[in-house]
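Residue numbers (our numbering), protein chains in the order written: chain A, 120 to 206; chain B, 61 to 522.
In case anyone wonders, no lab produced these hints; they're calculated from the structure.
Since the model is a prediction, treat every value here as computed from it, not as a measurement.
Backbone N, C-alpha and C define an ideal beta-carbon position, used for all residues, glycine too.
Covered, in the sense of this in silico footprint (three residues per stretch, anywhere, with C-beta under 8 Å from a C-beta of chain A), are these stretches of chain B:
| no. | segment |
| --- | --- |
| 1 | 228-242 |
| 2 | 375-383 |
| 3 | 401-415 |
| 4 | 419-431 |
| 5 | 458-470 |
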Amino acid sequence: MATMEHICLLAKLNLSDAEKESYARELSDVLEAFKVLDSIDAKDEPAFHPIEIKDRLREDEVKATKWDPLGNAKATDKKYFNGPRII
Amino acid sequence: MEASVRAHIESVKNGETKVDEFIAEVMERCQKVQSKYSPFITIVKKPETRGARGALAGLPISVKDSICTSGIQTTAGSKILEGYIPPFDATCITNTKKEGGVIIGKTALDEFGFGTFSTNCAYGVPKNPHDPERACGGSSGGAGCLTAAADFPHVAIAQSTGGSITAPAAFTGTVGITPTYGRVSRYGLIDYANSMDKIGVIGKEVYDAALLLSVISGYDPLDSTSSEQKAENFTSYVGKDINGMKFGIPKEYVSDATDRKVVAGFMKGVEKLESMGAKITETSLPLTKYSISSYYLIAIAEASTNLAKYCGLRYGMQQKIEGDFETYFSKVRTAGFGNEAKRRILLGTYARMAGYRDAYYLKALRVRAKIIKEFKGEFRKFDALIAPSMPILPPKFSEIAKLTPIQNYNMDILTLASNMAGIPSLSFPIGKADGLPIGLQIMGDHFSEGKLVQIGSKLEAK
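All chains, full assembly: derive it from the sequences and hints.
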């Protein structure tokens, strides 16, 4: 449960104790099934993508936005999003 | 009304069909389909029909709701994105509109694509037109449902991460093409797992799916993982001879774990291909047994990272801002995500935590490298691999409700390896058992979609 508390904190989810217990049981079943990977010797380079991907970089140029970035926000103030207190 | 896509486009081009009148009639029929089977999250009130010229002239196109459509709500099937109106089109939508396709609505899916049956839906569960007590398959269930139920010409834009086109195509008796990773731009797709997400198509016939795939394929500078492979007209492969082609059947895909009725239906397709001169032998993909674990580890790690951005501030679900950022974000995320999304976020967060990343995520990526090599070895021997699309017939909702998460994940056993390897596949409705559809999937090497269309179209021939 201590690990579950920590995971919920990292994941930004509020769960009740009953929910935490239920998810913890399911998660341990899934992680148990994942142990099949312990039986395979894999020293290959990790395949981060299924096909070869080239790095494509572009110039870091300032361009005007074609749409209103605040258009879907409910809480705004002039040209800014309103958000919760950080400090 | 003409139900064939090919005939409809011809009829628009020669002026026999007036697009505005036709679309008005289609929208009425969409309402009827919706009331019976619920394939849509959003039905467009007044579809844009201006400029209905080109390869898709006046053709109704539905779009999975994880793909951004300018001015039309896009939710990815999640309450956390309720009310989000994208101010831009995904590249596949831009290309569809450019060729005269008419966007008629957004189709239902498991939240963010998290599911095999389209039952983890925040806005209603699509019902299988072959038996409304059964699921359509997921996660592109709305796309398969509408394609099967539509009594008008239509093709669906769908999306797959681990089998989300093949499963609904198999369960609804439609044709689904999952293209090679990078073949279709992901710009404007709401990510599930970036290294595996692929936008593809579902149609009633092979030609229909091939046509729309041709339009949406091609390099896009807006997607850094988009392939520079030249776009092709995949319809040009329809009907081409397959005499002398070599196909392998991976024995792991027709093992006792696959329903015997499904295997029997699949074998009828094998006989048909053999009668056309194809050489078919058994082969083996021994790494299949590792595909569920490695796929889900990569998927949950990437998904939990992608879902970190939903915090109830800039779009989608927003609440009264109270408390500090920790309190507010957690409150919105807890209210907005459904059960399966929460489960995958928790699992993915754990798998990426310090001390576990090497043991889980990196190990899974190394196994993926092995799986890709295994497929590549097979494609040196065979033109394609063929197998049942799904291990079971479309299940009842009451049966799905009894499955544990791991039993649920096990249902993806026939589609995960190919999706992880980023190879293309085509699911074809090969027949029925107990009145329910059975899918045969054809898997090919990277960028061999043309060959898959060729083989699929021969299965379709009378």
